[in-house]
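Participant: Listed below, chain by chain, are the residues.
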Amino acid sequence: MNRKKQMGEILDYLKTEERFAQNIVHWRTIPSREAKSVPFPTELDARIREALERRGIPALYTHQETSFRHVMAGQSIVAVTPTASGKSMCYHLPVLQTLSEDTQARALYLFPTKALAQDQKSELHELINEMGLSIKSETYDGDTPAQIRQTVRKAGNIVITNPDMLHSAILPHHTKWVSFFEHLKYVVIDELHTYRGVFGSHVANVIRRLKRICAFYGSHPQFICTSATIANPRELAEQLTEEPVMLVDNNGAPAGTKHFLFYNPPVVNRQLNIRRSATLEARDITEQFLTNGIQTILFARSRVRVEILLTYLQELIKRKLGPKTIQGYRGGYLPSQRREIERGLRNGDIMGVVSTNALELGVDIGQLQVCVITGYPGSVASTWQQAGRAGRRQGESVVVMVGSSTPLDQYVISHPEYFFDRSPETARINPDNLIILVDHLKCAAYELPFKEGERFGRAEITEVLEFLTEEQVLHFSRGKWFWMNDSFPAHNISLRSASQENVVIIDISERGNERVIGEMDRFSSMTLLHDEAIYLHQGIQFQVEKLDYEEKKAYVREVQVDYYTDANLAVQLKVLEEDQSRRHAESAFAYGEVSVHAMATIFKKIKFETHENIGSGPIHLPEEELHTNAAWISFSNTLLETIGKEDVERGLVGLAHVLQHVAPLFVMCDPMDLHVIPQRKAVHSQQPTIFLYDRYPGGIGLSEQVYKEMETILTQAEQLITSCPCESGCPSCVGATDDGSKGLAMTLLRVAQGGSTYVS
Amino acid sequence: MSLKAKLQRMKGHLVKEGDQQKTDTRQEQVPDSSLLVEADIPFSDRWKELQAKPYVWEGEHVMIREVRYPVAHQHGAYSFAELHDAIAAWEASGRQHPLSASGRKAEDLLFFDTETTGLSGGAGNTVFLLGYSRVEGDEVVMRQHFLPAPHAEVTLYHSFLEQAKKSSHLVTFNGKSFDWPQVKTRHTLIRDQVSALPVFGHLDLLHGARRLWKDELESCRLSLIEQVKLQVTREDDLPGFLAPIRYFDFLHSQDPSVIEGVLRHNELDVLSLITLYTHISRLILQHEHEDVSCEECFAIARWYDALGDQEAAIQAYAFVADSEHPWNVRAKLALGQLYKKQKDWRRALHIWESCMQGTRFVPEEIYIEAAKLCEHQFKDWEKALSYTRKAYEQWKQRSSLLRQKNRAEAQAYEKRITRLEQKLSGAVEEVDGMGSLFF
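If you read the sequences in order, they're chains A and B. The numbering of the first sequence is UniProt numbering, which starts it at 1 and goes up by one. The numbering of the second sequence is UniProt numbering, which starts it at 1 and goes up by one.
Hint data in this document are derived by calculation from the structure and do not stem from the laboratory. Be a bit skeptical, because a hint or two may be false.
As the list claims (entries may be wrong) - DSS-like, lysine-lysine: derived pairs with alpha carbons at most 27 Å apart: (1) K36/A - K5/A; (2) K480/A - K553/A; (3) K546/A - K605/A; (4) K11/B - K574/A; (5) K16/B - K552/A; (6) K553/A - K4/B; (7) K415/B - K343/B; (8) K176/A - K165/B; (9) K16/B - K451/A; (10) K604/A - K546/A; (11) K546/A - K607/A; (12) K184/B - K136/A; (13) K114/A - K15/A; (14) K6/B - K574/A; (15) K343/B - K185/A; (16) K136/A - K211/A; (17) K390/B - K415/B; (18) K343/B - K211/A; (19) K340/B - K451/A.
On a predicted model such as this, the values are computed, not experimentally measured, just so you know.
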């Protein structure tokens, strides 16, 4: 047995060993950064200062001091800092300072997940104890025992919870929290950047409700937000809180040296530009670190990838480290399972973890030295979040990003300057999405009647209230709208998932011991939990025996097979209304409302390792309907004559493939949230068209942004295609490998940009 | 596109709030508040027939329905007048009990129940009917404060508090965890416009009913208790779960006929509360009475026991212990334990030994308890050993029948037997109280 290699030795090995070295296309060393600190503010309570000094903290980082100053001056703020920069002090300090002066004051801490809330509770308890302050802080969530709840409501100075709990358990019961709302001074929103898209739009409305209740009890809390790096932290904070917010971004925390490696898997078929699988390469790289006893986190794009990688690695490592030491971590695992994994990572029982972006958040898993990212995570911000998992508390660390063969990955991998120089993406929310707004107006009316002329945050709501009155949910009486229904609206509204109802996954392998092992949203279940699908959970394979779509249950049984399944989704799209448009010579861009019908059609069985197709079968599931917003590019019908029907279709498919990857870059969303489909003959216009639509009822503003930035997006698409080294099309650009696709996509692209069909 | 057209299109994606049938929406005819007279109230004749009158305050009106009964009126098994007897009995007993009305006049007790627009405990669940019955002089007055439109809540609570503050205690059925908290919730929303809620004493009969009849009745619904225990019969009673729908319909039509069933249902509820209170008081205080079942008596004894009233508990257990009811062994076990607590070793041992002489199955626990007394109090090791062996034999038999053996229990038995054998042979000095570590 060889002795274990040190980090430096492994880096040297990667640099020199041809197997790896030839594929490392970019190696950037990010130098360490010195701390910038300032003395404690003079007004800081002596007990707080002394406790910090006892911890060996002689001064504050610049961003902590700035936050403190602004908040004490009555401002709402958003502090933007990287991981491990002591960002929680940005809110702890002003809150504790205020509580040391006013024992009646209250603060609400919101964390996006229960796990983060638990983390912060322990940290806060320690801090308060060391300071010797008599401040009561407690979590309030589904796990809080009933007998403690009342004490928390009546006397908790700092209540730590999540938006879901605020939405369904606190606001609808605000009369039990009278003195809390009367004295609420601060609302802390940690991990602000996670509140984007559908979730963020929901949370913005929950905050409107919170502010409405506060106003009823006569309080006007200040907001203290912290965020990872995004392009528009201040804008997001102002949209979410509808308050003026100051930006604090003078990070003064030190950081250790970080090696950032771009790794492009070797080409195995030069003509078709096919590269070795990123999954397999990531596995081999991770193995180098794990077998030398270096804690490593491996990120994968999808749940299925996580499970596949987990299976590979557990197999590889079993002999050397024992089976328990590599774990999976993703949504769909039960909370208790996740907590156990987090603990294992902190105390070193777990050597490696394979995760989806679920671990991007600030869940405390301690210091990992290496982070391997399989495939570009889709956004600059997300990538930095994942990379931050390595060496978050300083020291030398390594991040390896392995590119897959998708166009976007190939673009990023071959343009490192794009990644390192580009500002991170913009986070968008649309609090006035009609579906979301209506949901929360119901909840708000349940909490307090609406007066005539009242607004909901910035939203005009009279028409919606009248609609709800017609639907017999509200009752209008003497100038006020009253909730008049026997239901409890918050219970029917989930902040997290697009389709409200989740499918529960039930393991029936053992008779008499059937158990729930996870859940999944309805839309995803169409392609991941159909009959005969192979569902992977903690590296164990299950076959779906039956998906009861009506009852929302999937029955699965443990199996051992050497393949996984991949399903096709057929999508039909109809334009309902065109809201905006602009024309060019032979093309036009438009934005409006569409209805989408999606149906899972067939699935393929794909063999592990070789990734070859070894069979297929039909899927019998009902069609799902979605009303949403879309942006689209239509082409003049003369194209059909000049180029020919079939070639137009090939060109559309190719261009759609590129756009599916490029567009999400510019609207900062998961590629899953924005879909692209080409149509040779769109129903509304009979013209060749490419649609880009929001995958959430009512839309969340993604396609609107696409419409506005269409020119930029097309320019980027052009760059991507022209810079691809393949001859006539490959999976890394236009998808298809048949002759001429690349040229056809380029032709359409030029037409879309206002040019003509003639190739110069 | 208009927002409403959009809303119609999105309807499929919106969460639906129940499936209510549509009623035609009439324009509401709320009269100018300053000039309100009875004639302006829609359907005022119908309201009159229902014995309801408007109550006006600060320009808004609510309806108050009032029905008076002579105290001699028989409601089910008791006349209302027997409430006086129940209170007198509490007074005479001198017992500390959560349901005691000792020191109260009949007028102090407000037999209270609400109707609401939902079952959840949140802020949006409106209490639209506050009903109660109360002895006032030689009559029982049943009064209902009804909310004819949601904006009149301030008037509703004002009218209710004016009456309610004349009493000091609420008597309810599950009102401690539902009705009263919900009243508090709604009151909080208008707390700046009406006076504070009084701090009432609260006698909740659901808890008592559960103690008494949990095993006997399939559920502790008030309607079932009425039927089985109180001889109250309901005809054409409106099921409680329909109340919200009826109320929503009323808001649109304003016709009191729509809500009549809810009013009648609530009326019976608050009248039955008097009968139920009279009945439960009688059971608790006069359990030696022949029409009290042994099950009820045993439950009463356990209740006293839990409250720490040993004397009352002994009395009630003794009633069951002296009976031929199969539970007499249970009662004797409990009785012996109470005697033991009182350090009346002799009586405790006597009652346990009396079980052994009977023909019924005697649980091991009784042998063990007796053995403990013999060993530690009477130093009669021979007897203690024989009881322990008897218990062990029986335990072994039972365990093998049930095919489950608990090693720890077996070891405890063996340890006890060994110790007693050693004591008998004079080998060991007694160590006091050791046995209790194991049982």
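Participant: A separate judgement is required for each hint: does it hold in the structure or not?
Facilitator: Consistency of the hints with the structure:
no., hint, verdict
1, K36/A - K5/A, "violated (35 Å)"
2, K480/A - K553/A, "violated (42 Å)"
3, K546/A - K605/A, "holds (17 Å)"
4, K11/B - K574/A, "holds (18 Å)"
5, K16/B - K552/A, "holds (18 Å)"
6, K553/A - K4/B, "violated (35 Å)"
7, K415/B - K343/B, "holds (26 Å)"
8, K176/A - K165/B, "holds (23 Å)"
9, K16/B - K451/A, "holds (23 Å)"
10, K604/A - K546/A, "holds (17 Å)"
11, K546/A - K607/A, "holds (22 Å)"
12, K184/B - K136/A, "holds (26 Å)"
13, K114/A - K15/A, "violated (41 Å)"
14, K6/B - K574/A, "holds (16 Å)"
15, K343/B - K185/A, "violated (59 Å)"
16, K136/A - K211/A, "holds (23 Å)"
17, K390/B - K415/B, "holds (15 Å)"
18, K343/B - K211/A, "violated (63 Å)"
19, K340/B - K451/A, "violated (67 Å)"
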